[in-house]
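S.K.: As given, the protein sequences belong to chains A and B, one line each in that order. Note that this note's numbering numbers the first sequence so that position 228 is 243, with each residue one more than the last. Note that this note's numbering numbers the second sequence so that position 71 is 61, with each residue one more than the last.
Some hints here could point you the wrong way.
[Claimed, not checked] Some chain B residues close to chain A (C-beta under 10 angstroms, calculated; not the full set):
| no. | residue |
| --- | --- |
| 1 | Ala10 |
| 2 | Ala12 |
| 3 | Tyr26 |
| 4 | Gln56 |
| 5 | Ala58 |
[Unchecked claim] Which stretches of chain A does chain B cover? Using the computed rule of at least three CB atoms under 8 angstroms from a CB of chain B, they are:
| no. | region |
| --- | --- |
| 6 | 397 to 404 |
| 7 | 527 to 537 |
| 8 | 597 to 609 |
| 9 | 628 to 635 |
If you are wondering where the hints come from, they were derived from the structure by calculation, not from laboratory data. Where a beta carbon is used, it is the ideal one built from N, C-alpha and C, also for glycine.
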Amino acid sequence: MTPELGQLALVLALLLALAQSIVPLLGAWRGNRAMVAVARPAAAGQAAFVLVAFALLVWAFLRFDFSVAYVADNSNLALPWYYRIAAVWGAHEGSMLLWVFILNVWTLAVAALSRNLPEVFVARVLAVLGLIAVGFLAFILFTSNPFARLLPMPLDGGDLNPVLQDPGMTFHPPVIYMGYVGFSVAFAFSIAALLGGELEQAWVRWARSWTNVAWAFLTAGIVAGSWWAYAELGWGGWWFWDPVENASFMPWLVGTALIHAQAVTEKRGSLRAWTILLSIFAFSLSLLGTFLVRSGVLTSVHAFASDPRRGLFILCFLLVVVGGSLLLYALRAPKVAGGKAFAPVSRESAILVGNLMFTVAAAMVLLGTLFPLIGDAFNLGRISVGPPYFGFLFTLLMVPVVLLLPFGPFLRWGRGEGGVLRAIALRAGIGAVACALVAAVFVHGQLKAIAGVAAAVWCAVGTLLYVYKRFREMPRGRRYPAEMGGMLLAHFGLGVFLVGVLLSESLSVTRDVRMAPGDVQTVGAYAFRFDGVKQTSGPNWRGSQGTVSVIRNGETLAVMHPQKRTYTREQVQTESAIDPGFTRDLYVALGDPMDASNPAGAWAMRLYYKPFIRWLWAGGLFMMLGGFLAAADRRFRVRRKSESSEAAALPLATARESRA
Amino acid sequence: MNPTRKRRLIIVVLVLAAAAVASGLTVFALQQNMNYLLTPSQVQSGEASGYKTFRLGGMVKQGSIQKAGDSLKVTFTVIDANGAMPVEYTGILPDLFRDNQSVIATGHMDNAHFVATEVLAKHDETYMPQELKDAMAKAHEGKKVAGGDDAMKGTDSR
């Protein structure tokens, strides 16, 4: 009975979402306050029913309700309870439900934390969020129902994909969806502004913290995904330019551009139309990302054939969202555009150049990711685009960003001064060159590593110089407002990230070797001794576990246990063993026994030495913290009552400028 | 020409130049990194002659996997309905690599055999990557290609 209740809840949620979107829009258009007031209660009702549906699916997993096809496909009796909860978002149908669930979390937060904004504006924002929910709920109900029955009920279910049975994977999808869906707030805000035909700086200020939170979540999700690929896939890499990774990276790139453009719009009123366009793109790419990953569009356009309705629905939905919002943009953007002019040397210009690089990078990734589809459509044959394409162009596009980064905070709004910039360039440059020279001695002339050290020091010193300037010039307590602290943290994080990427890329040592028990192989300064393999088992798998001792200068540093697991449905999964460290990771993955009939004999092993690899995730975490910190700035909370905001917005904005 | 117009002209020229450079670089990078997927029979009919590296897709022939005793060198044969291609690879094979499994190997031709730098074997044995199925179907029009039809499964894993 419960699955049917879940479906019923989804139907009711869909109806309420329709009410949440259509009624307030009509009310805002007609000036009918009663209709406008429907937005909040309808949103709350929708959230309640979606919560019920989500909880019922979790419940179905927890009590092994294999009469639900989705549960039977993705879990079995041996699966531990925490992975049964994670299995809720382990495949297509449940992910879509999770998406809607998170959308409702954001909608509720918007409804609760927007009491001080004009009622009509909030109603429009909630209505747009409601429209998105309508799209997703209809998609779930008509094409991907997670509550579909499977009769007769099987005695035991299938299995959750073993690569997903990892603690990192449990958190990764919800966090990344928090990011994707979070951009829907910026999107709804922009559409509401376009519909209303006006864009007040106070509203942009309100929107900024939402975008920052979404961006921070997306950053965290990408870091978790990259970490998981490193730890779980057994290839030791952290980024593969794989379509699935690109899908999450494109909204991140545009989102990065967006949080900077929003700062300009809020503080100066400039780049308004651009900010709106970016928020449309960021959300459209989030949608595309969701569908690319979960719906198999990318394997081939023909994958649609497996369920043509799904593919068709996705295409139509994307068309309506992207096409509709761009059409609205074309019609209304001239009305909201405007702002102050700025000189070629100014903070606005620097941010604009960075924005350009980030959007072009996103377009480049989009082209590479969709190229197989394009090739297919034009019958060019079966093409895939190799990682060097992305690596080469992305590096090229990010060089200007890294070069400009230290100057950003020092530049003034409107018009910057050359003198200060030259001083900064000189100091950061000297620091970068000096550190690069020192590094050159240690890295045996590896150009990539030297460039990495130089770029990282350039960013870090540039950021720290600004920290020092604020410390010297501002009175205690006003030195680092949360917004600025967040910015500095994220910029510093980029430096840390660069160390991780370029040093680990250039100095890593990988060895694929054949090892019999007792054999010793050296990787860099470390000796790896293979001590044999024994059989082991877990709740829903059995496997072989190797023992590898790492010895340096006669001292045992670590004993590592890489595993090769076989899950209930005979899926094989490599569990690598990692010995983490501040300056290096040691990594061992078990291959196959050289002779399948003699697992006690020699095995193929993969040994890695990865210097500084942890720094790249640390850098990502710094960026995430920066995003959250910036969002917490008190300034972003709208204080005044809505009615007076129109009058108050302008003087306030000028006051900010004089401070900035 | 007044200063405003002149400034605008400069901006337009700069933007056009940047766009030209960007698209030139993109086309260059794409050309360098496009990998075509070919099946053994397509390679044998000479279709691979134009490409330095390409992806070879097909099934691992039953009983063809030979492991060297003292190194990680592996040789196996990739087949499609009426072609076969010996493949040489040094390294650790993916978890799902086995007989009758559909694989995609990236690499280049060395005389009559294919030297792989990367071997991918994805998903369970009933699943064949859609693009591989298409390529094999195209290689011999009209012949039925074995393999599952549930293409959704493949991309669900991440």
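S.K.: Please go over all the hints and tell whether each is borne out by the structure.
M.R.: Status of the hints after comparison with the structure:
1. Ala10: 13 angstroms, violated
2. Ala12: 6 angstroms, holds
3. Tyr26: 5 angstroms, holds
4. Gln56: 12 angstroms, violated
5. Ala58: This hint holds: alanine 58 (chain B) lies near chain A, its Cβ roughly 9 angstroms from the closest one there, short of 10 angstroms.
6. 397 to 404: holds (count 8)
7. 527 to 537: With 3 residues in contact (Cβ-Cβ under 8 angstroms with chain B), the coverage given for the region 527 to 537 of chain A holds.
8. 597 to 609: The restraint on the region 597 to 609 of chain A holds, since 4 of its residues have a Cβ under 8 angstroms from chain B and three suffice.
9. 628 to 635: violated (count 0)
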